[in-house]
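Residue numbers (the UniProt record's numbering), protein chains in the order written: chain A, 1 to 396; chain B, 1 to 396.
Just to be clear, a hint being listed does not mean it is correct.
Note that the list lumps identical chains together, so a pair holds whenever it fits in one copy or between two copies.
In silico lysine-lysine, BS3-like type, Cα no more than 25 Å apart, as pairs [as the list claims (entries may be wrong)]:
#, residue 1, residue 2
1, LYS309, LYS343
2, LYS83, LYS343
3, LYS281, LYS236
4, LYS14, LYS117
5, LYS15, LYS274
6, LYS281, LYS14
Just so you know, the hints here were simulated from the structure itself, not pulled from any lab data. All figures in this text were calculated on a predicted structure; none of them were measured in a lab.
Protein chains: 2
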Amino acid sequence: MRLTPATELEHRYKKLQHHMAAQGLDAVIILQNADLFYFTGTIQNGNLYIPVEGEPVYMVRKDLMRARMECGLKNVVPFGSMKDIPSVLAAHGYPLPASIGMELDVLPVNFFARYEKVFPEARFRDATPIVRKVRMIKSHYEIHLLQDAAEQVDRVNRRVRDVLREGMTDLDLAAELEYVARKEGHQGLVRMRAFNGVMFFGHVFSGTDAAVPTYVDTPLGGMGLSTSFSQGAGYKRIERNEPVIVDFAGCCDGYLVDQTRIFAIGHLSDRMKKGYDDMLKIQARMMELVPERPSWGLIYEECLALAFKLGYADTFMGNKGAQVSFIGHGLGVEIDEYPFIAKGFDDMVLEPGMAFAFEPKVVFVGEGAVGIENTFYLTESGLKQLTFSSEELTIL
Amino acid sequence: MRLTPATELEHRYKKLQHHMAAQGLDAVIILQNADLFYFTGTIQNGNLYIPVEGEPVYMVRKDLMRARMECGLKNVVPFGSMKDIPSVLAAHGYPLPASIGMELDVLPVNFFARYEKVFPEARFRDATPIVRKVRMIKSHYEIHLLQDAAEQVDRVNRRVRDVLREGMTDLDLAAELEYVARKEGHQGLVRMRAFNGVMFFGHVFSGTDAAVPTYVDTPLGGMGLSTSFSQGAGYKRIERNEPVIVDFAGCCDGYLVDQTRIFAIGHLSDRMKKGYDDMLKIQARMMELVPERPSWGLIYEECLALAFKLGYADTFMGNKGAQVSFIGHGLGVEIDEYPFIAKGFDDMVLEPGMAFAFEPKVVFVGEGAVGIENTFYLTESGLKQLTFSSEELTIL
């Protein structure tokens with residue numbers, strides 16, 4: 001179990017303070033698990049108060065001892081009641097903030113109202129855009145965690161060859177792979193920031209079931225096991241000559257990578273094989289564009305144009321009516337971080353330290369889906385690929 | 001895969017409309033996955049508009065076809081943009097509502113703000129208390145789902161005997177049990193309503209690790225695999241003569257039950273065995289109190305008093321400083337539903353149809369923890385137990 005180094009935490013909150021100063025925020029209060037983990041190294045229940053200058057104060061309700069063991073910040077203090085917050089701040093020499101940033105994209109209305117009462121004079125603003133901007137740039141420490149997660153997802157992927165059998169269900173295959181992931185230290189959770197966003201390891205499905213659309217903001221949906229969670233693996237039996245999609249999120253010490261590979265028993269039709277090769281071409285196009293350093297929005301547009309040119313206007317990134325408006329997404333502690341390789345992200349430029357998954361996929365209605373997904377990151381010297389499982393179609 | 005019957009959905013929204021009328025709400029808008037599943041039978045992305053009188057309108061962004069297949073409501077209509085909501089309502093003969101209930105305990109601030117813009121004249125109130133009251137009373141259909149989940153968790157529990165070995169880690173054991181659960185149709189997700197509340201199947205841990213407190217609102221915590229998700233199974237090796245706790249949530253077609261059983265290799269100390277017997281006594285006390293129909297708050301107080309009398313003032317439901325203020329919790333689609341058998345629930349009376357888990361547990365610091373958990377429901381003729389695995393300590 002790694003503990004986030006204190007120097008790492010300091011670097012993170014100082015970057016946030018830089019953005020806060022630029023935006024005129026006196027303080028940011030962090031409450032949500034993923035952000036707490038990023039800025040404190042733990043997720044013990046409490047408030048992290050980050051002033052625009054000076055050291056943060058982590059006020060912990062439960063469990064204080066554990067927060068003190070796991071968190072490398074200097075000020076980890078007990079937290080009893082909301083109304084004590086001003087006196088805790090005063091004790092650390094911090095005045096009442098006039099403008100406060102909070103995570104308004106994830107914070108429930110009732111929860112937020114309690115902070116409005118504690119700071120009746122303050123103006124509140126959404127801090128999530130700057131939190132996301134800080135989290136978007138990964139440190140060397142974080143890249144190492146992503147590399148470990150890439151090793152894990154490769155071990156999961158290599159297991160497919162051993163267990164994939166005609167007649168097993170998508171669920172049977174998913175269960176085998178989840179078992180490997182857990183034994184390799186996957187925490188189970190795949191954190192997603194979007195409201196109602198939820199995922200379970202990823203999506204493992206075959207043939208027609210991969211082409212079933214659903215609510216989730218992913219190119220492929222899946223039937224799932226029930227209408228309560230209608231995505232991913234269901235009870236479809238895996239047959240010969242159809243693509244089996246293993247879209248799996250590896251997770252090491254809280255850090256996620258995303259990878260998709262295609263398998264089949266028997267053979268795949270020429271149309272499917274061409275579809276797969278075309279998705280590789282779109283991946284290659286992205287890799288070609290990165291050194292030119294356009295915006296993520298422009299990379300999206302260029303890759304989308306190539307998909308259209310290759311004949312997939314109605315089937316790229318989902319079937320017509322269920323197509324998603326991205327080809328890739330940042331990731332780290334959450335599966336949906338900045339940057340998005342998506343429509344409208346024309347202002348978001350490429351920066352060293354960005355980590356992202358790129359996942360061109362195409363649906364063949366009533367037949368299945370194929371595609372590729374890898375996790376990458378940017379350095380000063382160019383694009384590096386984190387996930388590394390063989391990109392050959394695995395035909396058993 | 002079961003589809004929630006249309007009659008069931010009708011019964012549910014009519015009960016909600018009854019509460020809405022009593023509270024003077026013209027409409028409730030349902031957005032959160034668990035509530036959507038309960039009131040529509042699916043969780044396709046959209047808004048469910050429930051007027052105080054008349055049939056609900058489910059406006060679906062994605063995936064509409066799938067919502068139409070899975071949802072038994074009459075009005076399942078396409079949904080493009082927020083600003084279209086008033087015209088959709090008008091098309092169904094509904095005027096603009098003056099007072100609107102929304103799920104303010106889970107709805108993010110930014111998300112809610114969009115609805116305030118669509119209905120600038122409306123007063124908004126928290127609809128969650130009445131939603132929870134409706135969901136609290138289970139139908140025969142729902143009890144059948146809970147029974148299936150109880151069968152599933154028993155199959156998971158029976159597997160422990162086959163796989164538990166000295167020297168395996170808590171994670172190894174957890175992975176084996178999760179594998180069984182998945183093969184038996186567990187969706188993976190264990191839905192929790194509380195902000196930042198998250199759980200993965202349950203908690204499987206041994207000896208000292210079971211006594212480690214953490215942020216989560218459960219009597220036992222656990223080390224977990226990393227500080228990113230510091231609860232449940234970690235890398236501790238299972239030794240002889242220490243309690244192994246299998247606290248596992250079964251899940252069938254979206255419905256959860258919760259069960260805890262204790263295992264050991266070798267033997268358990270007399271102190272541990274007495275602790276376990278005492279927890280059974282507290283369970284028996286609850287069962288004795290139910291026919292008297294006091295409030296849930298009073299059942300909590302009586303059972304807590306018995307725990308004190310048995311000598312567990314500082315160790316019941318967590319170690320001193322980390323004790324939780326409940327002994328049981330309602331459950332169904334979420335693991336934290338009404339009723340709570342908790343401090344302060346003096347106004348919440350016992351009603352037929354309530355389903356709940358009751359989990360008296362005691363911590364022995366530096367040694368481990370023991371306890372029992374079962375899921376029950378109330379009928380006109382009394383208390384029925386849903387989970388049914390043997391309550392004998394399993395000593396291998």
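So, going through the hints one by one against the coordinates:
1. LYS309 with LYS343: The answer is within: 18 Å in one copy meets 25 Å, while 65 Å across copies does not.
2. LYS83 with LYS343: between (44 Å within a copy, 21 Å between copies)
3. LYS281 with LYS236: Answer is neither: 30 Å inside a copy and 46 Å across each miss the 25 Å cutoff.
4. LYS14 with LYS117: neither (28 Å within a copy, 36 Å between copies)
5. LYS15 with LYS274: neither (46 Å within a copy, 54 Å between copies)
6. LYS281 with LYS14: Close neither inside one copy (40 Å) nor across copies (54 Å); limit 25 Å.
Checked against the numbered hints above, the structure violates hints 3, 4, 5 and 6; every other hint is satisfied.
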